[in-house]
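Colleague: Could you build the full structure based on these sequences and the hints that come with them?
Residue 1 is where the sequence shown starts when you use our numbering, and the numbers rise one by one after that.
Calculated from the structure, these hints are not laboratory results. Just so you know, these numbers come straight off a predicted model, no measurement behind them. Even for Gly, the Cβ is constructed at its ideal location relative to N, Cα and C. A portion of the hints provided could be inaccurate.
[Unchecked claim] Label pairs and their computed distance ranges (CB to CB):
1) W267 to T181: 45 to 53 Å
2) W267 to D312: 42 to 50 Å
3) P101 to G180: 16 to 24 Å
4) E269 to K151: 42 to 50 Å
5) E384 to F307: 17 to 25 Å
6) D354 to E52: 52 to 60 Å
7) Y110 to L144: 29 to 37 Å
8) E52 to Q320: 19 to 27 Å
9) G76 to T181: 24 to 32 Å
[What the hints assert, rightly or not] As a list, the in silico DSS-like pairs of lysine-lysine whose alpha-carbon atoms are at most 27 Å apart:
10) K193 to K325
11) K379 to K305
12) K327 to K300
13) K343 to K289
14) K147 to K48
15) K48 to K126
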Amino acid sequence: MNKLASLNLLLIALLAGACSSTKQISNYMIDESEAKILPVSTLNLPVKISKEGLSEQLNTVLGDTLYMDDNVDGSGLKVVAQKAMDFELDITQEDLIYTVPLKVNIEKKYYVTTLKAEGAISMQFKTSYAIDSTWNLTTKTEVLNHKWTEKPTLKMGGFRLPFEVIANAVIKGTKNYLTGTIDQEVKNNLDLKTQAEAMWADLYKPFLASEEYRTWMILNPISVAVKPISNEMDTISTLLQVEAQPHIILGEQPDSLTPTPLHAFSWLEEEKDHFDITLVSELPYTEAKVLAADNLIGEKFESGKRFVIVEDIDMFSRGQFLIIKTKLSGSYNGWINLAGRPKIDEETKLIVLDNFDIELDTKNVLHKSAAWIFKGSFKKLVKEEIEANLSYYLNYTKEVLQEELNHVKVQDGVYMDGNLHNLQLINLYLTEDALKTWVGLEGNIKLDIVKESDIEVDKKEESSEK
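Modeller: What follows is the structure, encoded as structure tokens:
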């Protein structure tokens with residue numbers, strides 16, 4: 001089984017943390033019949049991890065002193081092994097391999113003096129990772145080999161350093177320390193099953209995609225898989241794949257979905273570097289009404305000496321027709337209903353209102369008192385305004401999503417970048433409360449794990465250039 005699960009799944013948890021909502025909310029319902037026919041979207045997240053950045057984190061965790069014993073041989077021989085420099089890191093599909101250069105300091109009280117000696121040893125360790133289908137992680141660390149680059153020597157009178165005793169103590173002690181420290185860090189910080197369950201639940205919560213446009217997204221995941229890592233020059237690479245049926249909602253914060261049981265952990269075989277998503281975009285009539293009201297209320301429409309002013313507006317559906325109920329004052333006082341069937345224009349791929357006209361019942365009233373409204377600019381301008389409002393969020397969605405994908409800091413040392421290549425309407429229909437559209441998205445996205453010190457240097461250089 002291919003591994004390095006701790007790193008891969010930590011990234012999934014980080015992503016989920018970035019998307020989660022802190023507000024406790026009730027359940028948001030997805031239409032079950034819609035869920036059965038909605039295409040399953042695949043979000044592929046290539047991940048590149050800097051070996052130097054990962055090495056920096058591990059060196060910080062493990063500290064400098066890796067072994068210390070004040071009485072190695074039972075007669076007061078003190079041995080301390082410290083990192084001579086930060087260790088180097090290499091990674092295979094199954095193991096984490098690191099070479100640790102150690103400086104060995106030796107002290108021995110000998111009659112009235114203290115004898116001191118120094119040496120250097122290079123030790124290579126391997127930590128193997130395993131994860132089962134229930135997200136339980138295990139680690140095993142062992143010494144691959146060691147090499148004394150500088151043997152400690154000391155001879156005084158009848159005393160000689162017990163070299164083999166020292167060598168064995170340093171090797172065994174360093175191994176025990178690294179094994180214990182790594183395993184404890186994994187236990188303390190990488191309880192994968194708990195993190196995965198929390199991550200899975202968070203993906204069912206709405207997160208704010210755009211505060212300016214009051215746009216929320218719920219990923220609604222179905223499965224998640226991780227591709228085994230590959231080793232490149234100075235980086236390691238993997239891929240996270242999330243299958244989902246995402247929803248995007250304009251307006252007030254929606255409720256969260258009820259999470260399904262955590263999907264079993266699995267390794268991904270097929271590699272992709274792009275995402276192809278069909279998401280459900282929901283524009284509540286209450287929100288569409290606000291958008292239209294901003295531009296229509298107070299508008300004056302004239303025909304010769306006659307005029308009307310829009311005083312109020314409401315919006316709802318009747319079957320597959322969108323009804324725009326408008327309150328007028330002026331030469332005509334009262335409400336009129338305009339109706340049109342939303343559809344996708346084949347050329348522009350935007351939303352238009354087909355067969356847009358004043359409802360028949362309203363026409364019968366207007367024929368007697370205000371038939372001139374049929375021929376004036378009122379109906380045409382209302383149609384244009386409503387179409388613009390229905391399509392506007394598609395126009396800004398690409399810009400909003402691109403901004404959200406552009407070098408987003410997930411947490412220290414973890415950044416997300418992406419490009420949205422294509423966005424188009426696939427389907428639309430009216431529900432009792434909202435206009436729903438299926439929006440197709442294509443693009444690519446990646447995660448980078450880098451050294452924070454490098455980021456700070458880049459920021460300073462940019463600042464000095466300015």
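Colleague: Decide, hint by hint, whether the structure agrees.
Modeller: Here's how the hints hold up against the structure:
Here the CB-CB span from W267 to T181 is close to 27 Å, at odds with the stated 45 to 53 Å. Look at W267 against D312: about 58 Å separates their beta carbons, and that is not inside 42 to 50 Å. Look at P101 against G180: about 20 Å separates their beta carbons, and that is inside 16 to 24 Å. Checked against the hint of 42 to 50 Å, the C-beta distance between E269 and K151 comes to roughly 49 Å, which is consistent with it.
For the pair E384 and F307, the supplied restraint of 17 to 25 Å holds, since their beta-carbon distance comes to about 19 Å. For the pair D354 and E52, the supplied restraint of 52 to 60 Å holds, since their beta-carbon distance comes to about 59 Å. Range check, Y110 to L144: Cβ separation about 36 Å, and the 29 to 37 Å hint holds. Restraint check, E52 to Q320: a C-beta distance of roughly 58 Å breaks the suggested window 19 to 27 Å.
Look at G76 against T181: about 27 Å separates their beta carbons, and that is inside 24 to 32 Å. Between K193 and K325, the direct Cα distance comes to roughly 53 Å. Violation of the 27 Å bound is thereby established for this hinted pair. A threshold of 27 Å between alpha carbons decides the hint, and for K379 with K305 the separation of about 18 Å falls inside it, so the pair holds. With a C-alpha separation of about 12 Å, the suggested pairing of K327 with K300 holds against the 27 Å cut-off.
For a cut-off of 27 Å, the pair hint linking K343 to K289 stands: about 19 Å separates their Cα positions. For the hint linking K147 to K48, the alpha-carbon distance of about 32 Å lies beyond 27 Å, and the restraint is violated. Straight-line distance between C-alpha atoms of K48 and K126 comes to about 21 Å, which keeps the hinted pair within the 27 Å bound.
Hint compliance for this structure: hints 1, 2, 8, 10, 14 are not met, and every other hint is.
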